[in-house]
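> So you can see what is in the structure, the chains are spelled out below.
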Amino acid sequence: MPTIRIDGVEYEMEAGKNLLESCLSLGLDLPYFCWHPAMGSVGACRQCAVVQYLTDEDEQSGRGRIVMGCMTPVTDGAIFSLDGDRAKGFRESVVESLMLNHPHDCPVCAEGGECHLQDMTVMVGHRDRVYRGQKNTHRNQYLGPLINHEMNRCITCYRCTRYYKDYAGGTDLAALASHDHVYFGRHQEGVLESEFAGNLVEVCPTGVFTDKTLVNDYTRKWDLQSAPSVCTGCAVGCNTVPGERYGRLKRVHNRFNAEVNGYFLCDRGRFGANFVNNDERLESPGLRNQTGSYDPVDHHHALQVMAEACSGARVAGIGSPRASVEANYLLRNLVGEDNFSPGFNDREHKLVNLALELQQASSAVTPDIRSIESADVILILGEDLTNTAPRLALALRQSVRNKAFEMAADLRLESWQDAAVRNLAQDQLSPLFIAATGSTRLADVAEENITLAPQNIARLGAAVAASISGHAGEDLEPEIAGHVEAISTALRAAKRPLIISGTSCGNAEVMQTAADVAEALCQSGQQTMLTLTVPEANSLGQAMLAGPDSPSLGKLAADGNFDVLVILENDLYHRAPEPEVERLLATADTVIVLDGLDNRTTSAASLVLPAASFAETEGTLVSLEGRAQRHYPVFAPKGERRPAWVWLLACSKELGLSTAADLHHFDDITRDCAANIADLAGITGAAPDHHFRNAGVKIPRQPHRYSGRTAMRADISVHEPKQPVDEESPLAFTMEGLNRSQPGSLLPFVWAPGWNSNQSLHRFQSEVGGPLRGGTAGMRLLGPGQAKESGPRENPPAFSPTQGQWQLVPRYRIFGSEELSALSLGVAELCEDGYIEIRADDALGLEVGEGDGLNLNDGLATLEVKINNSIAAGCIGYAAGHSGTANLTPGENISLQKAQGWKRRRPQLIGSDRSTEIGSGND
Amino acid sequence: MSLTTPLTRNVRDDRRPTDMAAYEANGGYQGLRAALAQSPEDCLQVLKDSNLRGRGGAGFPTGMKWSFVPMGDKCSPGHKYLICNADEMEPGTFKDRLLLECDPHQLIEGMIVSAYTLQADVAYIFIRAEYHQATRLLQEAIAACHEKGYLGQDILGTGYQLEMHVHSSAGRYICGEETALISSLEGKRANPRAKPPFPQVSGLWGRPTIVNNVETLCNVHHIIERGAEWFKSLGLTEDAGTKLYGVSGRVKNPGCWELPMGTPVRQIIEEYAGGMEDGYNLKGFLPGGGSTDFLTEEHLDLAMDYDTIGKAGSRMGTGTMIILDDKTCPVGFVKNLVAFFARESCGFCTPCRDGLPWSAQVLDDIQNGRGQEEDMDTLARQVKFIGAIGNTHCALAPGAMEPLQSAMKYFPEAFENHLSGNCPHCNGGTH
Amino acid sequence: MSEANSMNLISALSQEELQAIDAEIAHVPYRDAVAIDALKIVQAHRGWVSDESLSAIAAHLHMSADELDGIATFYNLIYRRPVGDKVILLCNSISCWIKGCDNLQQRITEELGVELGETTSDNRYTLLPVTCLGACDKAPVMMVGDELHEDLCEESIIRILGGSTTP
Ligand SMILES: Cc1cc2nc3c(=O)[nH]c(=O)nc-3n(C[C@H](O)[C@H](O)[C@H](O)COP(=O)(O)O)c2cc1C
Ligand code: SF4
Ligand code: FES
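Chains as they are written, first to last, in the numbering used here: chain A, 1 to 923; chain B, 1001 to 1431; chain C, 2001 to 2167.
The following block holds chain A by itself, in its conformation from the complex (with noise of 0.2 Å):
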């Protein structure tokens, strides 16, 4: 370990690290802007500015030169100053310089409190401003519902654009100009298109990039009120802190966890938690009357009429993969393990269930993010993830890095060198190999994009694990046979081989076959690695609970047989074709629904609960890493409404069931359900029990400078109410206790001392870019499995088409095939209707164009058209998750008709538009 001193103090260094990094670890104080942890040096911003001295007598004489922290390797032996005069002085020079042009807006600025630039102005004591001469102004874009841009206070650190070009793959938005004119913005307004262009609001140091749905619904950040959540999102189980403010979910910032999304989230899950705030939300319980409206009622009533209508009836209970552990473990328990549906559709129940078997029985590791990071060669068979898993997919952007980071490796050239790297590398990249439905958002940085009909897609999988194990593989056709090879060489050549597959192409050979390329690796000696997509945040925790043999909807439908059906939190019109869910409502007389937003399976209820969403409410979600991960209330949630696992506890005692006698707090049924699911036996570990208290005090979900607590009421009553106790966990409702040193489940926003921004996280690490101080937030449930005894196996049917029928094949959209993000404001505008994608040629033959309507079996769906080349021959294309699309069935196959007297759909307006109404986005 390289030993350097700093002002005359010695330090050990780890090796291979630059000096700022290495003195932000040590806790010194030394500004920067343009680095970023994740994204490495460029030396644009002349901030981490220090003294360095050849030899001794040079320090003595002061005859050193200024050289930057974050280009500067830590060799043993160097010598450095940070605190002397020089040093310090020109640090201040750079903000004095950066301020010129700013508009000194600190107090309508959206990142008033929380800006890097206020910290670092303050940090490097420049405070009189000298410069008389005018400043530069720029106009401000449009950049869409979400973001928001005001230029004039950019200070030009090119993170913007490093972030979102070089890291996240975007094309939209550039460094336009030069000298002191230089502009981040796109070349005409409109909406980013980047599926992460959200980070922004984090990477952009300043208040250009902001969060417009947090500037629509104003708060300064010590002002909210956090805790520790989990995004709901999608499987992957992004860590978040949400912030609330007047009982409304104010915005949704990154939550850092080494393993699971490091420094960034997807705009789903930074944008699409705004359905807390919905309109739709449900108030109170409410009883159906005659006239098919609610009479709402107290809770206690509702207990009652729950408790009664269950009482000694044959009770079905249907679950939800969007759920939390908890709540479905009580619904278990309640309607008892054979009459639990887990609440999967039946291809979904199959898929689901497959994906926890396969990871279960393989040799390969299910990886974390940093593993995926890793990778040198990936196959992703049947996977858009950039929509079904987006945060893997920006990992995968920088797993394909690692042949530039070879390629640097060789020439001693160190991987945070971010601009050389790349300079050196060019388009280089490791190899991706993606055969998918479809075209995919990752495509650009595929050595081969493969499109195929799923069956095919599982045929390609099992020729190249036929050839990596060297069985002789079976005649393919030519579209498959062309790629084995290329794919099969590649994997066997990789150091540290990814498989990734999922249940989104709705196949399941697909997945199988996946799993059959990485045993094949395993068996070849190769680490490999393994990850299967599920659909929903809870997904396989629900298939850890329910089991393969548990029923699906289709399953409970066609047995059903029950007076009473409970339903938690899902729609199950949104999730299973129409008629199976009339049949499934029509098995029971009376329809008891758990539900946080008003839906048609809650309109066909005679009893619905309000049930509090997941920022109001702790639980625990298994993500698709198999990670168990608990997610605390942001805040108490409002009158009647009440977690799903309250409602469900409550109603279990009031029908005085054995199995609740001895719960009393959410940890009780968390241990429980450890104690009694073998799969979930390590849920446990995901957090410290409401017990755990941090040196002796609990830890606050207000910032020390929270205002205005005893006047928030204040129009109401004179009265300070009292805070909300939390007794479920050892986060309280206020500003007082530690919020430092806890373990990295329980940090429920980060601020330093000097750091009011989000750059204080490293004060949170262990080292910069590190794990948390206090390990890492939640458990991992799977471990390496058990290698079954695998031959070859059958390859699947090849795919042929016929004459005039499709098949359909999901595809999914960011925005749109969630159900519930897409209730968010901003993220709504984004959501377009369902449509079918479909093949220029069958257009023509189908004699429609883009806008026309087609009609799916005669009238099972009719939706918009979109032309899609790319889509697999004999295949069609239809938005998954969309309106209008729960009828359809992922591989069946369907007629196409033209729809008569179709009414092309409103244009979907697009930002560029839209900014003409909305003025120049200025505010």
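Some hints here could point you the wrong way.
[What the hints assert, rightly or not] Derived DEER-like restraints, expressed as beta-carbon distance ranges:
# : chain 1 : residue 1 : chain 2 : residue 2 : range
1 : B       : 1073      : A       : 409       : 13 to 23 Å
2 : A       : 444       : B       : 1153      : 33 to 43 Å
3 : C       : 2109      : B       : 1412      : 33 to 43 Å
4 : B       : 1073      : A       : 841       : 44 to 54 Å
[Said to hold, decoys possible] In silico SDA-like cross-links for lysine to any residue, where the CA-CA straight-line distance does not exceed 20 Å:
#  : chain 1 : residue 1 : chain 2 : residue 2
5  : B       : 1188      : C       : 2043
6  : C       : 2086      : B       : 1132
7  : B       : 1252      : C       : 2138
8  : A       : 403       : B       : 1067
9  : B       : 1195      : A       : 53
10 : A       : 403       : B       : 1201
11 : A       : 88        : B       : 1390
12 : B       : 1384      : A       : 58
13 : B       : 1252      : B       : 1325
14 : B       : 1195      : A       : 73
15 : B       : 1188      : C       : 2138
16 : C       : 2086      : B       : 1079
FYI, nobody ran anything at the bench for these hints, they're computed from the structure.
Don't be surprised by glycine CBs; every beta carbon is placed ideally from N, CA and C.
We have chain A already, so just place chains B and C with the ligands on it with the hints.
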């Protein structure tokens, strides 16, 4: 044979270009034959021995620079590039234009020999957009070379192959900085790159690359043909060879001449440039372009070479002097330069992007009677902040501070006069 | 971008332009490396680079218009706004400044009625400043179109500009 002005031997008084026939008739492409008869290693050794230093401004020894290029097995498979920097935009510099417009074949021969020495297989001439005539001449000359077998797949039957292209730029002074030039040649914004890695190992498209100035490259085949000793014998001082020296400003005969390296400043100004225009006296001069420090009368007897001028507190830079006369206001002079550099900043790093316009603004205030006493402190602070290599991402901004800091040192009264509203030049003068 | 869409955009370029761009592409390892050449080719044909041309070039080079605009706006000799039939590039760097380029500029302004950056109402000229033109021994100098004019004085300026305006 004693050839004393190798670079300009084909330059005619009417400045008409030398074509292939005339060039060959005067011994052209003999250097290339001489080089191809030797190994690349031998060529490099000759070049090292010759003590040729880069003529683009920094004066870095060319042989040493080339020796960092990976050769043979040490080089990963792929292209190696040679780039000629013909982006001449340094204020007051007009030497490369002469070579380009009058004798394009000389540059091309120099480049082929250089590329052979480096075993580069692709060469680019990066030429500024406004040099239309030179661009055309170079393109014609390259075509002529293909016909003659001096360029192409199998040069003069040796099996060595080289393709050469002319890239006409789209403006911006920063493109002359070698790493910015590489960015620009890649079709990107001309932001300079941090070193290390040096272009020799990771340059154009990540491949080993050498960038040299026009004048530097024009010397190479002469050296290979006539030897290191010959080259050294041309110079008057340690820095070998000849140099194109230029003088502009209020002298009787502004121009550019090839003279022995180390010719005294006074001789260049008085003998070749004909001395000051009538009615004007010399107040100071920038020895080698707009980003060098002022020298004054006391330095007139210094030898114009890298070390001597460096020791005197300036840089020889491009060797083209700009004369400050006694009727021109030094404040206006440096304002013009600092404003130039501010406008030409690439906008990447803070001190340059924001510091230079501020400095220019302060100078403008001073020049136009809006100056305040504290402005001198601000300027002094800016000079410290911007004016050292390493403070900024590339050398543009430190260069920009050189005329300013030396003007403050040598002509303090000019600033004081302005602050008190009594500039003899600007009150009724031209500036 | 769909193929059809990109073909549509590209159709804004002439065959001649496309051929010239493709000839440049042949010299470089990456298509988008000719971004600057392509902008110059189109500008040579049309005088400037409109949004439409920019999008067309970008589509042809398989890059985004945003990225190409970042390049186009960096360089001072790519014109993203219409310019007159001829661009006057008046050198205002140091040697020309010593020799009075400021006065010349004023004279041009009086004569043509345009300040730096403006185009004459008859669309004949656009007046722009330029970096040192490498002809300092002949200062002051300017370029009109592709032609360099040396040793300028107030009279010669009028002659040159007047001269080139007569058809
Ligand atoms: C801002 C800046 C502008 C430069 N412009 C030029 C130029 O126009 N022509 C040139 O040959 N060198 C220029 N240089 C120097 C080049 O970076 C590089 O050192 C030179 O081309 C190397 O060639 P040489 O070794 O033959 O001198 C410039 C340097 C800087 C910092
Ligand atoms: S000093 Fe900085 S801003 Fe200036 S030209 Fe160099 S890199 Fe660009
Ligand atoms: S953080 Fe080091 S130069 Fe910007």
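> Indicate, hint by hint, whether the structure satisfies it.
Hint check results:
1. 1073(B) / 409(A): 13 to 23 Å: holds (19 Å)
2. 444(A) / 1153(B): 33 to 43 Å: Given range 33 to 43 Å: holds, Cβ gap about 35 Å.
3. 2109(C) / 1412(B): 33 to 43 Å: Given range 33 to 43 Å: holds, Cβ gap about 35 Å.
4. 1073(B) / 841(A): 44 to 54 Å: holds (53 Å)
5. 1188(B) / 2043(C): holds (18 Å)
6. 2086(C) / 1132(B): Given that 20 Å is the threshold and the Cα spacing comes to 15 Å, the pair holds.
7. 1252(B) / 2138(C): holds (12 Å)
8. 403(A) / 1067(B): violated (28 Å)
9. 1195(B) / 53(A): holds (19 Å)
10. 403(A) / 1201(B): OK: residue 403(A) and residue 1201(B) at ~18 Å, within 20 Å.
11. 88(A) / 1390(B): holds (16 Å)
12. 1384(B) / 58(A): Measuring from Cα to Cα gives roughly 19 Å; hence the hint holds.
13. 1252(B) / 1325(B): Holds, at about 12 Å.
14. 1195(B) / 73(A): holds (13 Å)
15. 1188(B) / 2138(C): violated (33 Å)
16. 2086(C) / 1079(B): Violated, at about 40 Å.
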